[in-house]
Each structure stands twice: as structure tokens, then as C-alpha cells.
Amino acid sequence: MSTYANSRPPLASGITTLPASYYSDPAQYEREMRHIHSEMWLWAGREQQVAKPGDFLVQTVAGANVIVLRGEDGVVRGFHNVCRHRGTLLCNEAEGSFPGKIRCPYHAWTYDYAGRLVGAPHMDKVEGFREQDHPLGAVAAEVWDGHVFVNLSARPIPFEQHLGELRERLRPWRMEELVRVERRVYPVRANWKLIVQNYSECLHCPVAHPLLHEQSHYMSGENDPPQPTWMGGRMELREGVETLSLDGRSGRTCLPGLRSPQTREVHYYALLPNLLLNLHPDYMLTITLWPRGVGHTDIVADWHFHPDEIARPGFDPKSSIEFWDLTNRQDWELSERAQSGITSRGYRPGPYSNREELLHAFDRFVQERTDGR
Amino acid sequence: MSTYANSRPPLASGITTLPASYYSDPAQYEREMRHIHSEMWLWAGREQQVAKPGDFLVQTVAGANVIVLRGEDGVVRGFHNVCRHRGTLLCNEAEGSFPGKIRCPYHAWTYDYAGRLVGAPHMDKVEGFREQDHPLGAVAAEVWDGHVFVNLSARPIPFEQHLGELRERLRPWRMEELVRVERRVYPVRANWKLIVQNYSECLHCPVAHPLLHEQSHYMSGENDPPQPTWMGGRMELREGVETLSLDGRSGRTCLPGLRSPQTREVHYYALLPNLLLNLHPDYMLTITLWPRGVGHTDIVADWHFHPDEIARPGFDPKSSIEFWDLTNRQDWELSERAQSGITSRGYRPGPYSNREELLHAFDRFVQERTDGR
Amino acid sequence: MSTYANSRPPLASGITTLPASYYSDPAQYEREMRHIHSEMWLWAGREQQVAKPGDFLVQTVAGANVIVLRGEDGVVRGFHNVCRHRGTLLCNEAEGSFPGKIRCPYHAWTYDYAGRLVGAPHMDKVEGFREQDHPLGAVAAEVWDGHVFVNLSARPIPFEQHLGELRERLRPWRMEELVRVERRVYPVRANWKLIVQNYSECLHCPVAHPLLHEQSHYMSGENDPPQPTWMGGRMELREGVETLSLDGRSGRTCLPGLRSPQTREVHYYALLPNLLLNLHPDYMLTITLWPRGVGHTDIVADWHFHPDEIARPGFDPKSSIEFWDLTNRQDWELSERAQSGITSRGYRPGPYSNREELLHAFDRFVQERTDGR
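Protein sequence lines correspond, in order, to chains A, B and C.
Just so you know, we're using the working numbering here: the first sequence kicks off at 1 and counts up by one.
Just so you know, we're using the working numbering here: the second sequence kicks off at 374 and counts up by one.
Just so you know, we're using the working numbering here: the third sequence kicks off at 747 and counts up by one.
Just chain A, with the same shape it has in the complex (with noise of 0.2 Å):
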């Protein structure tokens, strides 16, 4: 049996949780949705969505529905899915792929794959129309180890410094070779801050998650310092503990890039403002927040395997994907007490402990962008 001591530095005093304003006020929503999400590279689906040349996924987030897009040159592109005509919406499906163009169902207008508009009836006899004026609104787009993220921003931030020192740190894991072999949808009736809190720390997890508590001392973890653009560190496997699942075995390999310690560690990444990454020694877990309105997030969990895991005979996910699902719900569960109580008049903000430190950055990255603005 491990020991641990709160070896934390200790926490100077009149620290506390944000206003409940942050978490009730829609205007503090919209100024949210304009100054992070809006401004920030958010995760948008994996590459493997986008295959092939016409492939496409849309996700819906900060009042923006975008299409995500594999070009004929194999680029994968994002472009507001929004005809520059009338401002139908392109697509409804959320993945699909498209028969050689993007056609409009409303009047045809049409785009090649690269968002140029290539067909419009009838606008011949409009004074000065040129079809080279009217190309599919641009979304930034990049590709990180199987990963496509996208920036709403006109101007974005490069990649490579939203990510920092997170791509070689994180090599070893070859995400870009996991196949999703699971998804869940989960709406919860909280602010999308309260989800990225609970994730970035462990102190409720004797408390509320008996299970994961078993299988991984909630006091073994250990917080990289904290970054503008994410949040994250590890925690041990308990002895005997092969990796998360309902009953902490694997029955699989290690995923064929670790080495010890990683092969005995769950590694936690919060990629602001919209990724919760965890890497297991034999599965990767993303869990994604899809902010709502001021008190509801779309909350989707999927479950990725090496492949050749997966086509291994009695390849059996269950047991871990039953595990997340079980602990994501407790967490909901408690984000969605939080909301209430927070959003209710006897709420007054409280101290946080040492052992919250990431919440406190969390939460004056949220004022740094939001406050005043």
C-alpha cells in the first residue's frame, strides 16, 4: 500500500472560488464564448472522420456551425458550413462524405472541396458577380497526432504554441494510431467551467469515486505547472493495478510506444478550453465539452484502442468504457450540484486548498480573457 503526503506547497490565504455571477450570468457566457472559444484552437474530431478526400465532420460550438473537410489534395480544411448565398446551412448530418462537391439544397449553389464557389444559377444577369468573390467562410484547421482541432479566430494563435511542450511529451502515447471504438452523450446542466474543475483535481475522489480511488491513490498525483493554453499531470496505478477498469484489468498490451513509468501511469490533460485527455498505459479516453448556454454543456466521451488490440480475438472494451462511464456520471452528477448551489443566494465563495491549485490558475486564465472585456 502506497503513502503519500500533501507535499504541495500550501496555499496563501483569501483564495477562493470565482463570483457566482461567472457561472449564472449569460452576458459572462457570451463574453466567454467570444474571448476563449472563439480565440482559442478547439478540438473538433479525429482524423480518422476525415479519411478520404470529401469527408467531412460539422461541429456546433460558440454560435459557429463548422465543417471539417479532407481536400482533394489531402489537406484537411474547416470552413463555416453556411451557403454564402442565402446562409443555408450546407450539411445537417454530423459526418458524412460528399459526392465530389458541396451542393447547397436550397438554390445548388455549389463549392469545391477547397470552399470555392464553383456554381451559381442564374446569377449572370447580377451587375459585377463573380464567383472567385463569394468562397465558403474559412475556419483555421490542424492536424496533432490523429487529432483535428480548428480556431475560429481570424487571426489564430500558431498551433505549435496553443500545444507548447505537450507534442513531445505526449509522443510516446502515437494517438494518431487509436481507432474509437466507443462514444457516449452526455448533457449536463453545468457551466462548462465546473467540468474542466472536476477534472483538475482529485481530492473528491475518495469521496465520490470509491472505484478509481482503489485503483489509483487520489493523493499519487502529480500536477505539470500550470500553462496558458492547458493543465495536466499523472497519477499512479495502484500495485496490481494493470489499468482503469471495473475490475483494474487490461487484457491487453501496452500501447506499443511506452516505456515505465508511463506503462503504470494515467496521464490528465485539460487542452483549454474544450479537450479532457486521458492516456492510459493500453487506451486513450477524450472527453470533449460543448458549452450550451451559461448552465448546460453537451459533454461526449469516446473510447480509443490500439487496432491491433482491436482486431485481436476477444477484444473486450467494456470493462473500461463501463469504468469512465461510471466515474463521468458521479462527475456530472457533482457539476450539476455545484451549478445549483452556485447559481442559488446562499452561495459565497470559499477557499480552495492546496491541493486545488490548478482550479485557482484555471480561474484567472477565465478572468485574464474575460474580465473587463
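Incorrect hints may have been included.
What the hints assert, rightly or not - Calculated pairs, SDA-like style, for lysine to any residue (alpha carbon to alpha carbon, straight line, at most 20 Å): (1) A:K125 x B:N596; (2) A:K125 x B:P382; (3) B:K498 x C:P1095; (4) C:K871 x A:A5; (5) B:K498 x C:T762; (6) B:K498 x C:S759; (7) C:K847 x A:V207; (8) C:K871 x A:M219; (9) A:K125 x B:A734; (10) B:K498 x C:E947; (11) A:K125 x B:G473; (12) C:K847 x A:A208; (13) A:K125 x B:S380; (14) B:K498 x C:A1107; (15) A:K125 x B:Y377; (16) C:K871 x A:S13; (17) B:K498 x C:G1096; (18) B:K498 x C:P952; (19) B:K425 x B:E468; (20) C:K871 x A:E201; (21) C:K871 x A:S220; (22) B:K498 x C:K847; (23) A:K125 x B:P579; (24) B:K498 x C:T749; (25) C:K871 x A:A108; (26) B:K498 x C:N969; (27) A:K125 x B:K425.
These are computed hints drawn from the structure, not numbers from a lab.
Based on the hints, put chains B and C in the right spot on chain A.
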């Protein structure tokens, strides 16, 4: 097979759809309800619904709840459906017949069919109270060829001015003779203006309505010059097509007042802001728009036929009903997709073609009535 | 058969219902929640629900979420149901019993029944942190004849001042002895004030409640002079009627403290703002109002009987329960119709009769507390 040329005048450069706020801003919606729906004549129902003294129908529009009622003197009048005592709704039913008087179900204040207060229990102990000071609030009402219109304004423009040349032009259809045989109601998640715009061009017909285009060529349309209160025109039926129905057959004789070429045409008129009138050789379709919010409109479609045909053995309106039910649903879906796209961040006003000239006229109508007010 | 005259004083000219905004404007609703519901004593439950130390009940009102709890010392106290750490709701249940302490389900901050923080894991590493600085937020609570009241104000007016003469006047019913046998909950689409107004006159009874009027003549009512915190009076049961029930029969003995004429009357008191109290010769009905928005109120009706009667073989409260369920539903429907009419454009304030004097007093109460604030 017909051939048609795009002979409408070219459109000047820079004529575009409206900014998104016209479709997303609740304040703009309120402006429209106040300066369009509360000032113009609104279709409210059919005279056959208020055939006898005491018959009533109720409509809610622009925040008003209106009773239309035929008086003992045979005159059709409109009233606010609100008791002058404590504001209770007098009628809860969409239509019916009053039993001699209008009695409030709360405290039995009672009105005659002319809206005069004729009973108010226990008000004798209130100093200065006189029944004649508390009639029902009047709403202007007019009947035209079987249609009942109301006007919420205190000083409505004359109904004849609203109608203009339409009275003469639509006389041959003798709409007052026609009888409703079917009603379908559609809640649509789109701004009411998108429904009017969808109605006002057939450029989308070959793309969205292959069956309609098969029976009536989308380029066969001729529009009247747009008027301040209505817009519209006509399209030809293709050779061998008798009326708009699933198979182009009618099985009915033409309406008795029609002459060539009306017997080979469908006439379409949008009487702003809430009646879309489709006049076929053998039946009438009325589509009425009931805005419920900036992004929600209830739509009511009614099919009306000649009583001689209804009485004929084997009368079967199904094919014409299903034709328009199908076509309407296609239009409502496109309108909802336009609503979604226009209210997403990627939308920018786009250029109209020269076959969308009525939409530009309609946009200017909206702007003239609501901008800066 | 009784005969009654309208002997109440005449009403002066020009006394009318309130403008529509009092029933439609969310800002007015917020003013009422702040200056009425957050300053006055609110009915919260019955003492029998918190019989033993650790028993609790939870109510949400005026944006607050309140626990009422009996302490180890037998005292009933109120607390905000919000953890002082990160704002989590402590209880999710409407009532129950704590197991010795109140433990937050998120991070195990723990409070005793007096609201003192007695456990806060890992807070020892926070400079200057002291448990005694973080008790649960206190909410004033009082018990009166079996009823529990709370007050959200930091400086509540004394409960005795709220109650005034009522304590003495209602003593004979010995309400603390009565036991709840039925609860019905009604979500009503009407402003809470319309429910109070509906309750405060019986002018509508012959129109809306023929059964009630058959058992208790609508003109038999005598009102007390309206007080700043309550209004009410009594009505006579008709000859041969024992209590209000479907058939006017009781089958029960009168409550032991009652004397003539109370055994032949029903007493009705509105304790502002949320308790309507109907006291019959043999049972008590409490109707409590829980405003949920400017046009929505949850209503809870509870029937309470004497334990000796409940214990008697053949005890059957059904006829009294169904009598009021029927009568209440009639009232809720009228209140919803008033809400619809008042919030439609045709509404104008209308004149009160001299038998609606309590409504005018109530309107002034609302205006004095909210106008200009």
C-alpha cells in the same frame, strides 16, 4: 416541353440579403410585431367560420388575443378576448358559438355581441361605475371574398387601400364560395420572414421540389410589380397537367368564374404579413403565418374547394392535399436550415439573383417599417 | 335558506386592478422576490417533518435553497443548502434525516447540526484557514402551532410582529396537533399574485364553484380588516352542511378546541406571501405558493386531520380531499386565464367591486414594497 428565358431585368451590384440580426434579435422581432403585424391587416379566418350571429373564432397574433364574432345585425366584428373587469380570457376555444351573450367565466361580467357590457354583478356599490364605460376593446375587422381580416391598430389604413388592385384581379376565383375541407398545422423553427422569402421565388423549385417542377416549370413564373402590401404572380401548368396534385390530375371541373389562361395557371400572392394565397384552377390553398418568436412560426395550411365538387360522388381532395403537404414540408425544412445558418457566426449577407427581386422588395418593406423605430 | 346583503362599504371611484407589467415583467418578478419573498416570513413545512434531531426538509424559494433542520438541542434552524467550500448543494432530497453530521458529497466538508464546519480535508495547508470562519449560511426559522417558517433576510422582522393577532385568533384549531394525510402538487402557469387574489374574494364562487356555493353561500363571508402581513376572514356553512366535502358530510368530530360558531364556519387566511390556510371544523387545508417565474407558480396543497380521527376505524378523508382538489383546479384554471388575458395586448386595468376590497389592499401591499425599488 416548354422553354423559358431569364428575361427579368438584371439586378444592380451589391444587393444582398439582410444582416443576421433581422432573424436572430428578439428586439427586431418586437419591432416587427409592433410596426408590421400591429399596423397591417391580418388574415384571421374564413367567413364560413362565423356564419351565424354569435359564431366566433379566436386568433392570437402579435401579443394580442382576438375574438372575431358575427353580431345579431350580421356584421362581423373583432374584439380583444379580455374581460374589462380583471383581464380574464373570455374564450378558451379556437372557434364556436356563444349562447346569446358573452359571459366571463370568472365573475360573470356579461357582454352582448356588439361588445357592450350588459351585466356586472355587485358593481352597484362602486361610485360612478357605468356599464357603458367598459365595452370590450374593439379590433377592426373586414370581410373580403370569404376571408376575414383584422387590424390591431387604433387607426388602421383603409382595407381597400391594403387590397388595392387585388380585389379586382382575384374576383374570378370567387373565393367566398369555397369551403375548407382540410387543415394542417406546422410548428416551424424559422423566422416568419424566411417563410415569406421562400414563398417569393421559385429558383429553388428544381432543386427542392422536383415534383412541383415536373408539373409547373420554375422559369414559367411572371411576377406583378411588388406593392406596399402584397407581392405575387403566376406560373403555368405544364402541358397535360390539370392542377397541382401528386399526379397532376384534378378530377374536378375548374372554378366557375375562371377563363383562359387562368385555367392553365397557378396564381400565388403573399398578402403581407400573414397570408400566402395559392389559387389553382380548381382549388385554393391558404397558408397563414403566426409568428411565435424571432425563430419560431406556426404555419396553418387550409385547402378549400368548390361546394359543387365536394358534393359530387367520388370527390377526393387527397392528391392535392398531399402534394402541398409534401412541398410545404420541403420548404419548411429549407427555411429552418436558413434560420440555422443565418443565426450562426459564419453568416454574411449574400447576393440576390435577378429572380429574387421580390425578396429584395420584401426586405426593403421590412426595413422601411422597422429601421430606427 | 340564508339571505345576505352586500353590506360592505362602497368602493370609491377609480380603484382598479394593476397594470399588466406586474404580471408580465421579469424585472417586477425579481423585485417581488427581493423585497417581498426575501424579506417576509415564508411557510417552509410542518414541524412533524423535522420531529427528531437530524431530520431535515428542503425548500427552494426566491432563488434560495434552504435546509430546515432540527438540532441536537431540539431547536429548529434554517441554513442555506450550500457548501462553503465550492458551493455544492449539500442535500438533493426534499426531506430526510442526516446520519449525525452533514457531509458534502463532493469533498467531504462536514458540518454539525448547528451549521458549524467540523471537517475540511487538506485545508491545513492553507494559510490562516480556520473552520470557525466557514459555518453554513444561517436562515432564520420559527415554529408556530406546528408550522415552520423561514426568513431569508439578514435582519428579519420579529415573527410575532408578522403573526400579530393571528396567534391568538387561530389558537382554538390547535394546528400543531394535526397530521398531514395527503399532498397534491399543481404546476400553474400564472403569477403568484393572481393565486392570492383568486383566494381573497368569493365573488367568483357562484360562477366557478357551484358545489362550494351549494355548501357555503358566497355572500356569507366576513373579512377581517387587512393587515400588513395577512388578510382573511370566515364564511358560514349552510344549514345541514357539516364540513366542505363532496357531499357536505364529515363523519368526524370537530377539532377539540373549537366552540360555536367556529364549528359552523370555515376560516380562510392568506399569510403573505406564500401560505393560504383553510380551517374547517374538522380539518385543515394548507395551500402554499412557490413562485418559479413571472408566469409560473408551483402550488402544494396539504390536507391535515386530527390524529384521533385518523386512528378511528373507517377514517376516510377522500371526500374532503376531492372537494378541494376539484375547487382548486377550477381556481388554477381561472388564474391561468387571467394570466393569459392580462399579458395580452388588449388588457387594461379594470374596476374592482366593493367585495374585492382585499385585492385592492393586496395590490397596495405589492406596490408599497416594490414600486421604485
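Structure-based check of each hint:
1. Using a Cα cut-off of 20 Å, the hinted pair K125 (chain A) and N596 (chain B) holds, with the two alpha carbons roughly 17 Å apart.
2. Annotation: proposed proximity of K125 (chain A) to P382 (chain B) holds, straight-line Cα distance about 8 Å (limit 20 Å).
3. For the proposed pair K498 (chain B) and P1095 (chain C), the alpha carbon gap of about 19 Å is at most 20 Å, so the pair holds.
4. For the hint pairing K871 (chain C) with A5 (chain A), the CA-to-CA distance comes to about 12 Å; that is within 20 Å, so the pair holds.
5. Between K498 (chain B) and T762 (chain C) the CA atoms are separated by roughly 14 Å; this keeps the pair inside 20 Å, and the hint holds.
6. As the CA atoms of K498 (chain B) and S759 (chain C) are separated by approximately 10 Å, the hinted pair is consistent with the 20 Å bound.
7. The suggested pairing of K847 (chain C) with V207 (chain A) holds, with an alpha-carbon distance near 15 Å, which does not exceed 20 Å.
8. For the given pair, K871 (chain C) sits about 14 Å from M219 (chain A) by alpha-carbon distance, which is consistent with the 20 Å threshold.
9. Restraint check: the Cα-Cα separation between K125 (chain A) and A734 (chain B) comes to about 17 Å, which is no more than 20 Å; the hinted pair holds.
10. About 16 Å separates the Cα atoms of K498 (chain B) and E947 (chain C), which keeps this hinted pair within 20 Å; it holds.
11. In summary, the hint linking K125 (chain A) to G473 (chain B) is not supported, as the alpha carbons are separated by about 62 Å, beyond the 20 Å threshold.
12. The suggested pairing of K847 (chain C) with A208 (chain A) holds, with an alpha-carbon distance near 17 Å, which does not exceed 20 Å.
13. This hinted pair checks out: K125 (chain A) and S380 (chain B) have alpha carbons roughly 9 Å apart, not beyond 20 Å.
14. Restraint check for K498 (chain B) and A1107 (chain C): the C-alpha separation of about 17 Å stays at or below 20 Å, so the hint holds.
15. A C-alpha spacing of about 15 Å is found between K125 (chain A) and Y377 (chain B), which places the hinted pair at or below 20 Å, so the restraint holds.
16. Restraint check for K871 (chain C) and S13 (chain A): satisfied, since their Cα atoms lie roughly 10 Å apart, inside the 20 Å limit.
17. For the hint linking K498 (chain B) to G1096 (chain C), the alpha-carbon distance of about 15 Å falls within 20 Å, and the restraint holds.
18. As the CA atoms of K498 (chain B) and P952 (chain C) are separated by approximately 19 Å, the hinted pair is consistent with the 20 Å bound.
19. A distance of roughly 13 Å separates the Cα atoms of K425 (chain B) and E468 (chain B); the hinted pair therefore holds under the 20 Å criterion.
20. Annotation: proposed proximity of K871 (chain C) to E201 (chain A) holds, straight-line Cα distance about 16 Å (limit 20 Å).
21. As the CA atoms of K871 (chain C) and S220 (chain A) are separated by approximately 17 Å, the hinted pair is consistent with the 20 Å bound.
22. For the hint linking K498 (chain B) to K847 (chain C), the alpha-carbon distance of about 61 Å lies beyond 20 Å, and the restraint is violated.
23. Among the hinted pairs, K125 (chain A) with P579 (chain B) is consistent with the structure: their alpha-carbon atoms are about 19 Å apart, no more than 20 Å.
24. For the proposed pair K498 (chain B) and T749 (chain C), the alpha carbon gap of about 18 Å is at most 20 Å, so the pair holds.
25. At roughly 65 Å between alpha-carbon atoms, K871 (chain C) and A108 (chain A) are farther apart than 20 Å, so this suggested pair is violated.
26. The straight-line distance between the Cα atoms of K498 (chain B) and N969 (chain C) is roughly 17 Å, inside the 20 Å bound, and the hint therefore holds.
27. A threshold of 20 Å between alpha carbons decides the hint, and for K125 (chain A) with K425 (chain B) the separation of about 54 Å lies outside it, so the pair is violated.
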